[in-house]
Amino acid sequence: MVGFVTVCGLVLGIIVGIFRPVHIPAVYSKYVGLALLAGMDSILGGIKGYLKDTFDATVFFSGFLINSLVAALLGYLGDQLGIDLYLAAVVVFGSRMYQNIAIIRRVLLKKEA
Amino acid sequence: MKRAGRAPWQSTMLIFSLISFFVGFFLPGQARVVREMKQTYQSQDPKDLIRVIRDLQQRKQDLLVEETDVSWKVTQYLRSSDDTAAQVRQLQQEAAMLKQRTGAVPLAGPGIRITIREQSSGASPSMLADEDLLLLLNDLWASGAEVISLNGIRLSDSSSVYRAGLNVRVDEEVTQMPLVVDAIGDTENMFKGLQIPGGVLDLLNLRRIGAIVQKVNPLRISD
Chain S
1 MVGFVTVCGL VLGIIVGIFR PVHIPAVYSK YVGLALLAGM DSILGGIKGY LKDTFDATVF
61 FSGFLINSLV AALLGYLGDQ LGIDLYLAAV VVFGSRMYQN IAIIRRVLLK KEA
Chain D
1001 MKRAGRAPWQ STMLIFSLIS FFVGFFLPGQ ARVVREMKQT YQSQDPKDLI RVIRDLQQRK
1061 QDLLVEETDV SWKVTQYLRS SDDTAAQVRQ LQQEAAMLKQ RTGAVPLAGP GIRITIREQS
1121 SGASPSMLAD EDLLLLLNDL WASGAEVISL NGIRLSDSSS VYRAGLNVRV DEEVTQMPLV
1181 VDAIGDTENM FKGLQIPGGV LDLLNLRRIG AIVQKVNPLR ISD
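As they're listed, the protein sequences go chains S and D.
Mind the numbering: the first sequence is residues 1 to 113 in the working numbering, read in order.
Mind the numbering: the second sequence is residues 1001 to 1223 in the working numbering, read in order.
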């Protein structure tokens, strides 16, 4: 059920975003991309927690906010220091997304079985 | 395993849907910005951009040099073609003039015809001298004759005319009296030139050589 709600929310958001696009300045697009990556990671983590009965709304919401902000700030800080720190966020959130998807898949397969 | 701090079912769905909506809402805008950036140089590395700019500047410089070179060549070609055309026209005119002078082409046009007859009867017959003939021909040339023929024999710039006994020799040909001198050219000028008092006609008249001058149009002289 949570997966269905998530997909519906995502699709609805994309549709609204297409027809009512938000203007993102080009200079901030990299940071917004990192924040979205962190957001998607949080959503997948939330689904994983829900399926494993470890879901906490506060942790989920705070994790979404903090991870997104930190990812964006990490990218900004890296740019200021001349270091590609955003790669760290990309690698961390990317690998976590893979892990969460794998866990979700396993949990769903176990439930089916 | 117990759920830690489990929220009500509705709250969980609401928070999932809201966050998903939030993420989905930003995705198209972000994708659009990234797509636009790929079409511009904003996402390029400054070092690459500097290299691109330098390459473009060098290319521009090369093209300017090439354009200048090509323009110079075009100008040269145009000038050359103009010169060539003018030279061809001039050469054609000269060739036509030379053909007229050398008698390579037949000509027709307004001119005058002078018929010269010696008086062979009487106590003292008159005789056309070489000097009379040369004076007549030179007067004609000087007063605008372009082509002259003597009894149908066309004269050129290098023709020689002289008396040979009772005959008249024109180059390698021999003709006899009476002489018919045809001259194509400025008819009025030639006619007036011959009528000048003390001129060749007066001289011929003094020598009792008959000279009849006629204006003929058109007068034809073959090659």
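These aren't lab readings, by the way, just hints derived from the structure by calculation.
Any given hint might turn out to be false.
[Unchecked claim] Between beta-carbon pairs, the in silico distance windows are:
1) D:V1065 x S:D84: 20 to 28 Å
2) D:I1053 x S:L108: 49 to 57 Å
3) S:L77 x D:V1070: 53 to 61 Å
[Claimed, not checked] Calculated lysine-lysine pairs in the DSS-like style (CA-CA distance at most 30 Å, straight line):
4) D:K1047 x S:K30
5) D:K1060 x D:K1047
6) S:K30 x D:K1038
Quick reminder that beta carbons are idealized off the backbone N, C-alpha and C, glycines included.
So, going through the hints one by one against the coordinates:
1. D:V1065 x S:D84: 20 to 28 Å: 41 Å Cβ-Cβ, so the 20 to 28 Å window is violated.
2. D:I1053 x S:L108: 49 to 57 Å: The hinted range 49 to 57 Å holds for I1053 (chain D) and L108 (chain S), with Cβ atoms some 53 Å apart.
3. S:L77 x D:V1070: 53 to 61 Å: For V1070 (chain D) against L77 (chain S), whose Cβ atoms are near 54 Å apart, the range 53 to 61 Å holds.
4. D:K1047 x S:K30: Distance ~19 Å between K1047 (chain D) and K30 (chain S) Cα, so the pair holds.
5. D:K1060 x D:K1047: Judged against 30 Å, a Cα distance of about 20 Å means the pair holds.
6. S:K30 x D:K1038: holds, 13 Å
The structure does not agree with numbered hint 1 stated previously, though it agrees with all others.
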